[in-house]
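**Student:** Chain residues, written in single-letter form:
2 protein chains.
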Amino acid sequence: MSSKFQPHGAMRQFFHSRFRFGCFSGSSSVKPVKVGICGLGTVGGGTFNVLQRNAEEIARRAGRGIEVAQIAVRTPNPNCQITGTPTTSDVFAIATNPEIDIVVELIGGYTVARELVLKAIENGKHVVTANKALIAVHGNEIFAKAREKGVIVAFEAAVAGGIPVIKAIREGLSANRINWVAGIINGTGNFILTEMREKGRTFADVLAEAQALGYAEADPTFDVEGIDAAHKLTILASIAFGIPLQFDKAYTEGITKLTTADVNYAEALGYRIKHLGVARSTAQGIELRVHPTLIPADRLIANVNGVMNAVMVNGDASGSTLFYGAGAGMEPTASSVVADLVDVVRAMTSDPENRVPHLAFQPDSLSAHPILPIEACESAYYLRIQAKDHPGVLAQVASILSERGINIESIMQKDVEEHDGLVPMILLTHRVVEQRINDAIQALEALQDVVGPVVRIRVEHLN
Amino acid sequence: MSSKFQPHGAMRQFFHSRFRFGCFSGSSSVKPVKVGICGLGTVGGGTFNVLQRNAEEIARRAGRGIEVAQIAVRTPNPNCQITGTPTTSDVFAIATNPEIDIVVELIGGYTVARELVLKAIENGKHVVTANKALIAVHGNEIFAKAREKGVIVAFEAAVAGGIPVIKAIREGLSANRINWVAGIINGTGNFILTEMREKGRTFADVLAEAQALGYAEADPTFDVEGIDAAHKLTILASIAFGIPLQFDKAYTEGITKLTTADVNYAEALGYRIKHLGVARSTAQGIELRVHPTLIPADRLIANVNGVMNAVMVNGDASGSTLFYGAGAGMEPTASSVVADLVDVVRAMTSDPENRVPHLAFQPDSLSAHPILPIEACESAYYLRIQAKDHPGVLAQVASILSERGINIESIMQKDVEEHDGLVPMILLTHRVVEQRINDAIQALEALQDVVGPVVRIRVEHLN
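Same order as they appear, the protein sequences are chains X and A.
Heads up: the first sequence at position 218 corresponds to 218 in the UniProt record's numbering, and the numbers run straight through without jumps.
Heads up: the second sequence at position 97 corresponds to 97 in the UniProt record's numbering, and the numbers run straight through without jumps.
Treat the hints as calculated values from the structure; they're not laboratory data.
There may be inaccurate statements among the hints.
[As the list claims (entries may be wrong)] Going by beta-carbon spacing under 8 Å, a handful of chain X positions derived as facing chain A:
{"id": "1", "residue": "87"}
{"id": "2", "residue": "163"}
{"id": "3", "residue": "168"}
{"id": "4", "residue": "173"}
{"id": "5", "residue": "318"}
{"id": "6", "residue": "325"}
{"id": "7", "residue": "326"}
{"id": "8", "residue": "349"}
{"id": "9", "residue": "352"}
{"id": "10", "residue": "354"}
{"id": "11", "residue": "355"}
{"id": "12", "residue": "408"}
{"id": "13", "residue": "409"}
[Claimed, not checked] Derived DSSO-like pairs: lysine-lysine, alpha-carbon spacing no greater than 30 Å straight-line:
{"id": "14", "chain 1": "X", "residue 1": "149", "chain 2": "A", "residue 2": "31"}
{"id": "15", "chain 1": "X", "residue 1": "149", "chain 2": "X", "residue 2": "34"}
{"id": "16", "chain 1": "A", "residue 1": "199", "chain 2": "A", "residue 2": "149"}
{"id": "17", "chain 1": "A", "residue 1": "257", "chain 2": "A", "residue 2": "119"}
{"id": "18", "chain 1": "A", "residue 1": "199", "chain 2": "A", "residue 2": "414"}
{"id": "19", "chain 1": "X", "residue 1": "145", "chain 2": "A", "residue 2": "31"}
{"id": "20", "chain 1": "A", "residue 1": "257", "chain 2": "A", "residue 2": "149"}
{"id": "21", "chain 1": "A", "residue 1": "119", "chain 2": "A", "residue 2": "149"}
{"id": "22", "chain 1": "A", "residue 1": "149", "chain 2": "X", "residue 2": "31"}
{"id": "23", "chain 1": "X", "residue 1": "31", "chain 2": "A", "residue 2": "145"}
[Stated by the list, open to error] Computed far set for chain A versus chain X, every beta-carbon distance over 10 Å:
{"id": "24", "residue": "98"}
{"id": "25", "residue": "114"}
{"id": "26", "residue": "168"}
{"id": "27", "residue": "175"}
{"id": "28", "residue": "303"}
{"id": "29", "residue": "337"}
{"id": "30", "residue": "350"}
{"id": "31", "residue": "443"}
Because the structure is a prediction, the values reported are computed rather than measured.
Here a beta-carbon is modelled for each residue, glycine too, at the ideal position from N, C-alpha and C.
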């Protein structure tokens, strides 16, 4: 029986003649690349651990070892056993250490991180970062400097954690004119929405639990207001459409005002509500927007639950693709940081002109196609109107929409709600420019029989 | 209003100082790379069309144009307007054309394709191919030759059409020890299973329709017997685990014997049946198997329907990821062929030693970890036993399983079927080595009260 588990015959000969058995030995003569890790928090600790644990596996791929030569750390990480690696409390010591080839920036934030990365570049070092805020806000400056110095700045871990979606768009789909990108790119937000739907809990209730569990920050603004997602979407849009990073033009709407009522109505209509980042290329310009979104329940992305992330990319040749995985966490994010290191190890000896451009497109051929203001974006809409139970309300509503060229796809009118005697009227519209919906909502709210604000949630079909 | 659509203020200045406006112009001084396309069938036609239509977009990314210098074609493709590009009826003319840098092999099959690719390599040309059979069966030979000559052989389009999954595993997940890969990697098979489940149709009925619609070949063996999927899985396993290509060791079981009864029972138990390729790394060796598989219905991959493909990859750092998209078709496959061309254009000027290795791992550090025979593979099982309606049958069944160390997860006993008076008994087992299930099935079939063969379908939970 045991002979079954051995290569035999032709295959054995094949092994013997062409491959060395067992462990990595092939390129042991090549010196390892020296890496400095700045920041030993969640991602830094994960990166250190993965580099240690999978050192052999990584070297078998990269053709050389990747050695952590120095770590800048202020607070020791209990999940990380550092023995033998020199540490410093000064991140700038890494950026200037002449021994170090690649600086890994994992301190987060804008200010020190920006200085650190620019200093590392200035010193001719390649940079790997997981810092979406830094790239979204200061990326244009950083990439310009990196080109000047002929170094690489890699940032796969900045978007969607362990999912190699930057690589997928920038290289895997490079044949395409990308039509749109849509993603669930904030795990905390998706966890909250999943709990609201599955357990009927309120936003505030789930948020409090997420904070207690450590999924959400003490200040959850970045997550629940969509700022974190907008950082990531800004990056995705740039590499998809070949435009400079323009975070300040992204439209951002959070999930804090979502009610279980809307979650349930959406469900009844065959939809799920997700906090979606959408970037779409149109003849007029680029839509760049983060907001709660109804998605048909039978779409794969509508079934991405809990803290998981997924990004859909629609290209003119590829059609729709989806990339799914853990969007955050110690080791998933480290997986992308280390993959970037392997990429840099391969590319660092190549002609800078022939490398994959930072933003996917050659820097001298980025497009000036403008980012559209939200009023000029187009989508379908879910509207919830609280109306008094009078005859003729529906006719008034329908006429307001029709006058503005807004076509209704379906209407669901619920029974009178006992506590307030109002009738919730739920409408789904066809696709239309947002300005028209704004006008319509204003007119609807002015109706005598309509009580309180009209709830508006965008709808995307993502075919 | 129109001023909203123009970059203004700081951003305008930014554009003017750093970027040229509008169309690609930056690298027009660099000569285009010259490509020869061999075969102008579905994928060849798609590749030609995408290269023409997206020429500007592609050059903006690649930094140089990609020009089709010659096409080898026997039968004209009505979907493809060739004007001005020289054609030949001799594929070998492409492999020897001194003008051509990259040969695109899209003729399919093993024999001529192998000769063509080897000839192209011999002549120092890089190769891009969509030919899974060629790579799975002759890849080791082809890659060895390519290394000798310092050329690249790229094959993203060989697996899962427009999904850049080769790149994802080989580069995007390079930090990981990959635990397993599982994929729906044959669109025809998935279309048939989807129709069987959604519409209660029989295998034969759906196959006939698929053939009429052109989804399935006149000889559907490769698709429905799992050979096409095994070719692709062989490639995925090599790049995931760093082992030579060993197609002859793959276990392959088709979907031809699946009944709607089993599809429905699976559904009742909360599962979907998919034709899955599974490659798993274990301490004993590598599992490499294609077969119908029950997957819990709430898994994303269980909801991949119709002709779509999806590949899950589980890494020790990344956790489970999933890559989804069109697995075949003119333009999705062309998307991957052209992405490979862009990659080759970038890498062709680099040091061959620093390129991404063909099989993800350095050729001198491939592993001799053996492929396990199917009897040594481990999975959970779905068993359907047709029993006479006698008391004590369940006890006999349970005792046969228990004696072989097979734990039962659940049992579903249906009512007596009217037409034959038999009771279908459906069992789900815990994970166990296949040899034990084989022994158990033999013993079960020998029972007096068991009628006909026991149906066995593997179950994977894919967490």
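**Student:** Hint by hint, note whether the structure agrees.
**Tutor:** Evaluated hints:
no.	hint	in the structure
1	87	22 Å, violated
2	163	6 Å, holds
3	168	5 Å, holds
4	173	6 Å, holds
5	318	4 Å, holds
6	325	4 Å, holds
7	326	5 Å, holds
8	349	5 Å, holds
9	352	11 Å, violated
10	354	5 Å, holds
11	355	7 Å, holds
12	408	27 Å, violated
13	409	24 Å, violated
14	149(X) - 31(A)	25 Å, holds
15	149(X) - 34(X)	19 Å, holds
16	199(A) - 149(A)	53 Å, violated
17	257(A) - 119(A)	42 Å, violated
18	199(A) - 414(A)	22 Å, holds
19	145(X) - 31(A)	27 Å, holds
20	257(A) - 149(A)	46 Å, violated
21	119(A) - 149(A)	11 Å, holds
22	149(A) - 31(X)	25 Å, holds
23	31(X) - 145(A)	27 Å, holds
24	98	23 Å, holds
25	114	16 Å, holds
26	168	5 Å, violated
27	175	3 Å, violated
28	303	6 Å, violated
29	337	8 Å, violated
30	350	4 Å, violated
31	443	21 Å, holds
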